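Asker: Given next are the chains, with one letter for each unit.
Protein chains: 2
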Amino acid sequence: MKLKEFAARIGLSQTTVSRAMSGYPEVKPETRARVLEAAERLGYRPNISAQRLATGRAGAIGIVFQGGGRFGPHSSEFMGGLSTRLQKDGIDILVSTVETEADEAAAYRRLAASKRVDAVVVHTPKVADARIALLQKLGLPFVVHGRSEAERPFAFLDIDNFGAIATATEHLAGLGHRRIALINGDPANTYARDRDLGYRTALARRSLTADPALTGHGEFTDENGFRLMQGFLALPAPPTAVIAGSMMSALGAMRAIRIAGLAVGRDVSLIAHDDVFPYLSPENFVPPVTTTQSPIRSAGERIGDLVLRLLRGEAPKALQEIWPVDFRVRGSTGPAPG
Amino acid sequence: MKLKEFAARIGLSQTTVSRAMSGYPEVKPETRARVLEAAERLGYRPNISAQRLATGRAGAIGIVFQGGGRFGPHSSEFMGGLSTRLQKDGIDILVSTVETEADEAAAYRRLAASKRVDAVVVHTPKVADARIALLQKLGLPFVVHGRSEAERPFAFLDIDNFGAIATATEHLAGLGHRRIALINGDPANTYARDRDLGYRTALARRSLTADPALTGHGEFTDENGFRLMQGFLALPAPPTAVIAGSMMSALGAMRAIRIAGLAVGRDVSLIAHDDVFPYLSPENFVPPVTTTQSPIRSAGERIGDLVLRLLRGEAPKALQEIWPVDFRVRGSTGPAPG
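Same order as they appear, the protein sequences are chains A and B. No gaps in the numbering here: position 297 of the first sequence is 293 in this note's numbering, and each next residue is one more. No gaps in the numbering here: position 296 of the second sequence is 292 in this note's numbering, and each next residue is one more.
None of these hints come from the bench; they were simulated from the model. These numbers were taken from a predicted model, which means no experiment stands behind them. Possibly wrong hints are sitting among the right ones.
Copies of one chain are not kept apart here, so a pair can be met inside one copy or by any two copies together.
As a list, the in silico SDA-like pairs of lysine to any residue whose alpha-carbon atoms are at most 25 Å apart [said to hold, decoys possible]:
#, residue 1, residue 2
1, K111, L136
2, K122, E33
3, K84, K111
4, K(-2), G327
5, K24, E97
6, K111, L258
7, K111, R81
Sequences and hints are given; from them, build the entire structure.
Answerer: Here it is as C-alpha cells:
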C-alpha cells in the first residue's frame, strides 16, 4: 500500500501520516496512536525516504562512545537526563560504540552521510578536540557536554570545574591544610585541565606550592581512588587532605585512609566531586562527605533542550552555558591535625 | 551524485559502497574508511532507501526504556556489554524512552513500521508481559533479557534467579538463622517472582516458615534498602539475616544495621546479589560482602550475540540460555547469634 492510499483510507493528510510515523512532535499523541494502530491493522509499511522527505528529520540524536567500557555510572545518569528531555518530543537516541579515535571520526562521517540522526552530542571533550572541527566540516549539528578550544563557536554546556575545585582547595587551605592532594582525570580532557587550574590557582592564592607528587590521574573508579590515595599516604610527607574527582574515587580513597589506620575528617580531610548518583549519596557515607556538587542528570536534560533549540535554528554561540557548582560542607572535612 | 556514479569514480561495486556506508559487517574496515573518506571528499550523500534495499538492514538494534529514571547502574553495565558486542559488527543501538506502558507499545509499533531497527532487546520482563505477544505479532525480531510466560517460544537470556536466592537462603539457614529477610524487586517482574520462589523453597526445605513481614519490595536503591531494613529491625522479632537484591540495596541495609548499633556479619548476616559494578565491589565493603554473583555486562554482550544469531536466521527456541549464578562467601555472613 502506498502512503497516498493509506492516508486516504484513514482520512488524514499524507503529511500528518508521515509525521505521526516518524515520531516527530508536531502530531497529537491520539493522532499518532490512531495512525500506528491503522498501519498495523492494514499492513501499511511506510517508505522511509518518502517519510524523511516529508518531515525533513531523522527523529534521532546520536551519541558515540569510544569503547563499551565507557558506559559507566556517569553515562547512565547523563543518558537518563538526555532521554527524559528528548522523550517529550518523541526523539530517540542512536548510540554508536567504536574502538579507537579514528573509528569515532568514521562513525561521525557515517552518521552525517546516512542522515540517521539530526544532531549529535559530544561528551568528554579534550582541550584540543578534533571532533569539533570535523563535525563543523561535516555540517552535522552538535552540542558538546563540556568545553574545548575551537576556532568557530559551538553549542555547549559545561559546569564550572575550575571554580568547583578552586573553592574546595581554598576551603581546605582555610582549615589549615598545607599538603592537599588531588585525584584528577586524564589531563588531556578539558574538565581535568580546568580542575587542575582551579587547584593550582587556589594554592597560589594561599601562597602554597603545588607538589606534583600530590596529583594523580586516572579513570574515576574505586580502584584508582584506592591506589592513588595509598601512594599519597606512602610519601615521606603525606597529605592531610585530598580532593577526589568523583564519589567512586572517594570510596577508594576512604578505604585507603582507613586501612592506613587513619580517620577521615580528623587525620585526613576529604572532599569529593559529586555528579549525584541516586544510589551513592554523600550523606550516607560515614562520615558524610563534603562535596562540590552538580547533577549530571540535569546536564543531560538541559543538553536535550540545547539540541532542540539548535535544530530550530538558534545560533550555536547563543547556546553556551556554564553552570556554577554547589559546595556542601559535611563531616569529612575538619581542621588540619596538630 | 548517484550511487552508480560515485561507485564508478572510486572503482568499487554499488553493493560494496552501500554496505560500507550502512555500517554492516561484511565490509573490511579499510574499504569502509576509503568509501567514507571519498564520500566526504566528493560530497556524495547516499539515498537511505536505496542503501537499505541493498543491505536489507537498518544497522541498528532498538531498546526501549520506560522513563528516563530507569537509566541506572544496571542499564549502563548492560548497555556497555551489548554495545561492545554489537560494535564488532558495526551495529548501533537506538534508545527510545517512553513514559507509560501504552507509550512503550506504541514505540515498538513505530520501530516495526519505520524499519529503523533490525531487532529489539526487551528488558525487565514481567511474568505476563504483553510486549512479547505484541513483538511476535509485529514480526519484529527480539531477544528478552530475563524470562516470561508466552505461548510461542522466543529468544532469551536469563540468570538462575531461583537458584541464586535458594542457595543464599539455604546457606543462612545452615548457619542457624531462622528469621531471614528478603529485599526484593517489584513482584510483577519475573526475576523478583523467581527470587521469591527460591527463598520460599529453601525455607520450606529447612522447615522454616516464610514470614510476609520479612519480605520487602521496591527499586534497588540505597534508600529503599535502608528503609526496608529499618522496618525489619523494628519488628518485635527482627531478622538475624537479610538477603539484598543488589549492591545498592546492600549499601542501605548495612547503614540501617550500623545505625541500629548492630554489627554486620556478627549480629546480622547479609548476602547481596552482585551484578558486578566495577566501582562498587563487594570485596571493598567493610566487612566484605557474601554475594550471589553474575556480571550483567557479560549478559549484555551475550545478548548481542543472540540478536545477531537471530538475524542470521536461527530459530528463537534455539536461542534460550539460563546462566548459573556464582555464590561467594565473605565476611558479612556468620553463625546466627545466641
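Asker: Evaluate each hint against the coordinates.
Answerer: For each hint, the structure was consulted:
Taking the shortest Cα distances, K111 and L136 sit within 25 Å of each other both inside one copy (9 Å) and across copies (23 Å). For the identical chains of this complex, K122 and E33 are inter-copy neighbours only, at 24 Å across copies versus 47 Å inside a copy, given an alpha-carbon limit of 25 Å. Taking the closest pair of Cα atoms, K84 and K111 come within 25 Å of each other both inside a single copy (22 Å) and across two copies (22 Å). With identical chains, the CA atoms of K(-2) and G327 are never at most 25 Å apart, being 68 Å at best within one copy and 67 Å at best between copies.
Taking CA atoms no more than 25 Å apart as the test, K24 paired with E97 passes between copies only; the shortest distance there is 18 Å, against 41 Å inside one copy. Proximity of K111 to L258 under the C-alpha cut-off of 25 Å is found in neither arrangement, the shortest distances being 57 Å within a copy and 59 Å between copies. Taking the closest pair of Cα atoms, K111 and R81 come within 25 Å of each other both inside a single copy (22 Å) and across two copies (24 Å).
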